[in-house]
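Which chain is which? The protein sequence lines are A and B, in order. Residue numbering for the first sequence is 1 to 573, as defined by this note's numbering. Residue numbering for the second sequence is 1001 to 1165, as defined by this note's numbering.
Read the hints as simulated data drawn from the structure, not as lab findings. Note that this is a predicted model, so its numbers are computed, not measured. Think of the CB as a built atom: it goes at the ideal place given N, C-alpha and C, for glycine as much as any other residue. There may be inaccurate statements among the hints.
Claimed, not checked - In silico negatives: residues of chain B with every beta carbon more than 12 angstroms from chain A:
(1) Ala1025
(2) Lys1072
(3) Val1082
As the list claims (entries may be wrong) - Calculated from the model, a selection of chain B residues having no Cβ within reach of chain A, i.e. all distances over 12 angstroms:
(4) Leu1010
(5) Gly1078
(6) Leu1088
(7) Pro1127
(8) Gly1150
(9) Tyr1157
Said to hold, decoys possible - Computed list of lysine-lysine pairs in BS3-like fashion (alpha-carbon distance at most 27 angstroms, straight line):
(10) A:Lys78 / B:Lys1066
(11) B:Lys1072 / A:Lys321
(12) B:Lys1062 / A:Lys299
(13) A:Lys321 / B:Lys1062
(14) B:Lys1012 / A:Lys144
(15) A:Lys188 / B:Lys1144
(16) B:Lys1066 / A:Lys188
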Amino acid sequence: MSNKTSETVTDRPQRKPGSQIIVDTLIEQGADVIFGYLGGVVLPLFDKLYDAPIKFIIPRHEQGGCHMADAYARATGKVGVVIATSGPGATNLTTGLANAMMDSVPIVAITGQVRTDLIGNDAFQEADTTGITRPITKHNEIVKDPSLLAQTIREAFYIASTGRPGPVLIDIPVDMQTTEIEVEPPTKIRLPGYRIREQGHARQISAAAQAINDAQRPVLYIGGGVIAANAAEELRSVAKKANVPVTMTLMGLGSLDQNDPLSLDMLGMHGTAYANYAVQECDLLIAVGSRFDDRVTGKLKTFAPHAKIIHIDVDPASISKNVRVDIPVVGSAKYILTEMEKELVHRDRTEWFKRINDWKKRHPLRYDTNAGTIKPQYVIEEIYRQTHGDAVVVTGVGQHQMWTAQFYKFKRPRQFITSGGLGTMGFGLPAAIGAQIACPNEIVIDIDGDSSFNMTMNELCTAVQYELPVKVCLINNNFMGMVRQWQHLFYGQRYSCSSLQNPDFAKVAEAFGAVGFTVKDKAQVPDAVKKMLAEKRPCVVDFHVDKEENVWPMVASGKSLHEMDGLDIFEMA
Amino acid sequence: MKHIISALVLNKPGVLAHVAGMFAARAFNIDSLAVGRTDDPSLSRMTIVVVGDDRVVEQVRKQLAKIVTIVKVQDFVGHDMVARDLMLITVSCPGDKRAEIQALIEMFNAKVVDISPKSVMVEVAGPETKIEAFIDSCRPYGIKNVVRTGTVAMARYGRTQAENQ
Ligand SMILES: Cc1cc2nc3c(=O)[nH]c(=O)nc-3n(C[C@H](O)[C@H](O)[C@H](O)COP(=O)(O)OP(=O)(O)OC[C@H]3O[C@@H](n4cnc5c(N)ncnc54)[C@H](O)[C@@H]3O)c2cc1C
Ligand SMILES: Cc1ncc(C[n+]2csc(CCOP(=O)(O)OP(=O)(O)O)c2C)c(N)n1
Ligand SMILES: [Mg+2]
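The whole structure should be built from the sequences, with the hints applied where relevant.
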């Protein structure tokens, strides 16, 4: 590290420029990878990063950088770090921040800002970054006193990673980076307005356990909070001990191995029939780290109509936000599941499982396997088969995302990385890059849509530059498929503006220095997947799939969860 | 139903914007909002009056508590408390109405704070109902201007103070 040497007087405390303090504190907080993009007011910071023992990844757009940090955080459970310059750099981060906010992902974003004496003067590349990002961050702060730099960064990591995780942004004017200050030892974090309750109320935990023991037809409804809490093991123990079936939200997939007989797979708008029926008929719904999103509940009035509801969540504001909860338990899933398990007893629930298994038999997920075209579900099943269900899977947003959630059976937490709450098209490729950096030894596959990929495919450059063997598997229907599906169902098949002219994606990949090929014939799918998996360079496989395939089942908006369309559509198959 | 929510917040720039933005983003309605310093220079007090059913107000309270720069939030519903508004009101006051208006001012325990040939400025403090009643009583004479602080409130027996420690 390049410390100032000239004027150091031995007994005086060490003095360093703010930029060095920032870098030192980032290292102290465990940041070993940082994503970010340059600009005038972060040059002092980048100068110090030059010598730092930190792997630095430069995306091709700050949004990409933020998604990379996001996926890095989701894949590792650590805090993702992203840096951008003021003005346009900061505004380019906003989609990424909002995405992380909605899915509760811990990120620390550092933005440069114009000199403090220029703030408010419409200076060059000035934007009110804290003002713009306030509603899309868990917390943000502008530093106007260099002696507060280190502590503000420490607090940012603490806030981002504790309680309900989320993105925290620190806006740092360039003069804070250049001013020399004395290095102070870390002080205790004191945030009088930030309190988190990790341990649930003992009486509530007992009440929850009692209700589970008493229930005839319970269902565990598991969300992203279980993954955030690293509580998959505890969940498994609870489900096994009490013998309760488990359904997972899009964000919760991987909490329980989907090959486990207790798994009901995903619930909700495009969830399985057996999960949705089970929720509608259960007498006890045990929500853990899930937030009763409208994609999950369907019509609220008739959601789980016979059920008593237990809600375990670390964020009190999540509880009773959308549904009335009978037994609220505020605290971390890990702690509460551990405590609760001690009071649970095994119940056979033969009738309940008989009913569930009957639904499973009658309404498995299916598609037309005899079709002459490439069905999107077939491609995903083939990827699943050839990766033995072990790959880290990332998606864009749309139909392909739902088919991935349905047809790839996830085994472990942090294996499936997708944009759930914001539904950000373009998340796929940058997220795959972030995940590949987090998991260099895993196979990382971005199962993407053609329109989603179009939004951020410039990040192929990044994958090539850093020699990341990410695989992009395009479910290319030449449509904004999910939009087309809605136009098909609700707008009389008037496909207004929902098809784009796509490039030849294989050629695009090659131009970027990646590998690309196109698959138009169903018979070629297995070999293409094999070739893709063997490829050591970034690779794009463009599967030309059936253009007008729809995602089933589907609970149309305003419908109750058991009113699914499309259950009988493949009876012929 | 009307709820008076009291929030102790860090005295930092952006906190008010955060609160206002959160209310707008979540479609909560603010009836009134009063902000002022406390005896501790690092803290300010916001008193927010919101109208909504219990579930909405419960969300308001929880969402406020989530904001990192908000130290403490209390909903005064069901608490024994004192709530006051302060109003400055300018009323037309021709010579022949002076006595009448003077009587009204005395009746409301209000105070004349400025006077001009044709009007008086009156300071009224008290519960919101009293303020409203005073406004209604002034209408016949002609109201020229009204400025109100919004409600401030405190639980009795110094309860809020004790809980803040
Ligand atoms: C096109 C599209 C279709 C979709 N369709 C569906 C669908 O059919 N089914 C579906 O499920 N989703 C679907 N989604 C996703 C949906 O929009 C939501 O993102 C998702 O349902 C939310 O998941 P969750 O409830 O697990 O909450 P998350 O967003 O994962 O929130 C986590 C919750 O856990 C809490 N938490 C965090 N940490 C902890 C902790 N340590 N301990 C305890 N609690 C904690 C948080 O406070 C929060 O309440 C779809 C999305 C898209 C884009
Ligand atoms: C940034 C952004 N813009 C618009 C949307 C609305 N939207 C949701 S799905 C979708 C179409 C996605 O098309 P594609 O990526 O090709 O996936 P497909 O549904 O065809 O599998 C659109 C436009 C969105 N989710 N995100
Ligand atoms: Mg498409």
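Here is how each hint holds up against the structure:
Annotated as non-interface, B:Ala1025 brings its C-beta within 12 angstroms of a C-beta of chain A; the closest such distance is 5 angstroms. With a least beta-carbon separation of about 8 angstroms from chain A, B:Lys1072 fails to lie farther than 12 angstroms from that chain, contradicting its non-interface assignment. No Cβ of chain A comes within 12 angstroms of the Cβ of B:Val1082; the nearest lies about 25 angstroms off, and the non-interface call holds. Interface exclusion of B:Leu1010 from chain A breaks down, the closest Cβ pair being 6 angstroms apart, not more than 12 angstroms.
Listed as outside the interface, B:Gly1078 is consistent with that label: its C-beta sits roughly 18 angstroms from the nearest C-beta of chain A, beyond the 12 angstroms cut-off. A cut-off of 12 angstroms between C-beta atoms confirms that B:Leu1088 is not in contact with chain A; the least separation is 31 angstroms. The claim that B:Pro1127 lies off the interface holds: its Cβ sits roughly 30 angstroms from the closest Cβ of chain A, which is beyond the 12 angstroms cut-off. With a least CB separation of 22 angstroms from chain A, B:Gly1150 remains clear of the 12 angstroms interface cut-off, as annotated.
Every CB of chain A is more than 12 angstroms from the CB of B:Tyr1157 (nearest about 24 angstroms), matching its label as outside the interface. In summary, the hint linking A:Lys78 to B:Lys1066 is supported, as the alpha carbons are separated by about 22 angstroms, within the 27 angstroms threshold. Note on B:Lys1072 and A:Lys321: the hinted pairing holds, with a Cα-Cα distance of about 20 angstroms set against a maximum of 27 angstroms. The suggested pairing of B:Lys1062 with A:Lys299 holds, with an alpha-carbon distance near 24 angstroms, which does not exceed 27 angstroms.
Simply put, A:Lys321 and B:Lys1062 have alpha-carbon atoms about 10 angstroms apart, close enough for the 27 angstroms limit, and the pair holds. A C-alpha spacing of about 12 angstroms is found between B:Lys1012 and A:Lys144, which places the hinted pair at or below 27 angstroms, so the restraint holds. Pair hint A:Lys188 plus B:Lys1144 does not hold up; C-alpha atoms about 55 angstroms apart against a cutoff of 27 angstroms. Taking the CA atoms of B:Lys1066 and A:Lys188, the gap is about 21 angstroms. The hint holds against a cut of 27 angstroms.
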